[in-house]
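> The residues making up each chain are set out below.
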Amino acid sequence: MSDPVCALNNAVFDGLVRLEETGPRGMVTLRGDLGAAAVLKSVQKAVKDATGLPVPAVRRIVLQKEYGAGWMSPDELLLMMPYDEAGRAVKAADKALKAVHSLVVNVSDARSVFRLSGAAAPEVLAKLAPVDFTAMAPDEIRRSRLAQVPAAFWRVGDDTYDVVAFRSVSSYVFELLKTAAAPGSGVGFY
Amino acid sequence: MLILECPYCGVKADETELHPGGEAHLKRFGPESSDEEFEAYLFERKNRKGVHFERWRHVYGCGKWFHAARATDTLEVFGTYSAQTNAPPDDLIKKIKQKRPDFGGYE
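Read top to bottom, the protein sequences are chains A and B. According to the working numbering, the first sequence is numbered sequentially starting from 1. According to the working numbering, the second sequence is numbered sequentially starting from 1.
FYI, nobody ran anything at the bench for these hints, they're computed from the structure.
Below are the DSBU-like pairs computed for lysine-lysine, each with C-alpha atoms no more than 30 Å apart in a straight line:
| # | chain 1 | residue 1 | chain 2 | residue 2 |
| --- | --- | --- | --- | --- |
| 1 | B | 49 | B | 12 |
| 2 | A | 41 | A | 95 |
| 3 | B | 64 | A | 98 |
| 4 | B | 64 | B | 27 |
| 5 | A | 127 | A | 178 |
| 6 | A | 178 | B | 12 |
| 7 | A | 48 | B | 64 |
| 8 | B | 64 | B | 95 |
| 9 | B | 64 | A | 91 |
| 10 | B | 64 | B | 49 |
| 11 | A | 41 | A | 65 |
| 12 | B | 64 | A | 41 |
| 13 | B | 64 | A | 127 |
| 14 | B | 46 | B | 99 |
| 15 | A | 45 | B | 64 |
| 16 | A | 91 | A | 65 |
| 17 | A | 98 | A | 45 |
| 18 | A | 95 | B | 64 |
| 19 | A | 48 | A | 98 |
| 20 | B | 64 | B | 99 |
| 21 | A | 127 | B | 12 |
| 22 | B | 12 | B | 27 |
Just chain A, same shape as in the assembly (with noise of 0.2 Å):
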């Protein structure tokens, strides 16, 4: 098989903060309605069976090591895992959900994850989203957009962020998150 390559090729930029386009990700889209019990019980088992992960709270991500699930929706969670994995972890989470009405798709090529690494992280994506990250919790996955284009983020660990956006955007986000991150530019407000 060819060796997966993500969209700019591991990019840096270093500015306020350091930027890094973080090398191909496993992502597993699950869509099943989270509000119904019965539907809840099997994606707990698929989720568990595919990351090892319980299903996050409302807006909430859980991490563990190179595995996450993220909440996305009232019916959709994130499921991150190495590259590799990720069939592995459609095969599992589709065995759990068998019975119920729901979807599991290996999504890792439609992606690029960003992080961005540094004390002026929260500013740097408060210049693009309309959030407000002293509003943001800890362990809080936020789907917003930045600038013109949907993305989704949250905090890794003390003064580190992780961004993501579709791969065909990959460019474009890249610049803003340069331009928003030039060095200079810092604002303060955080």
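Put chain B on the given structure of chain A with help from the hints.
Frame of chain A; chain B shown alone:
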């Protein structure tokens, strides 16, 4: 700036994160209805000065449609509620009546 709280994910979403969907609680007149009814359904909107009930979609967030009650003259937001309903919740109506004694109902 208009900020509406999405009843599905709880995000206090800025207007730019949302997509407007027009007046809420319309009754559809489709096949078998009269031309007048169909025309009214398509084109006639209340568009009052004051309290509006609207549909909005949290398009950059959880993607769900919801309803909002707000005043178009003051931009005051009275509340948001789930779209899985045919009428605004009673407590919201009560709240609006308290603030706007002349409010004549959503219909």
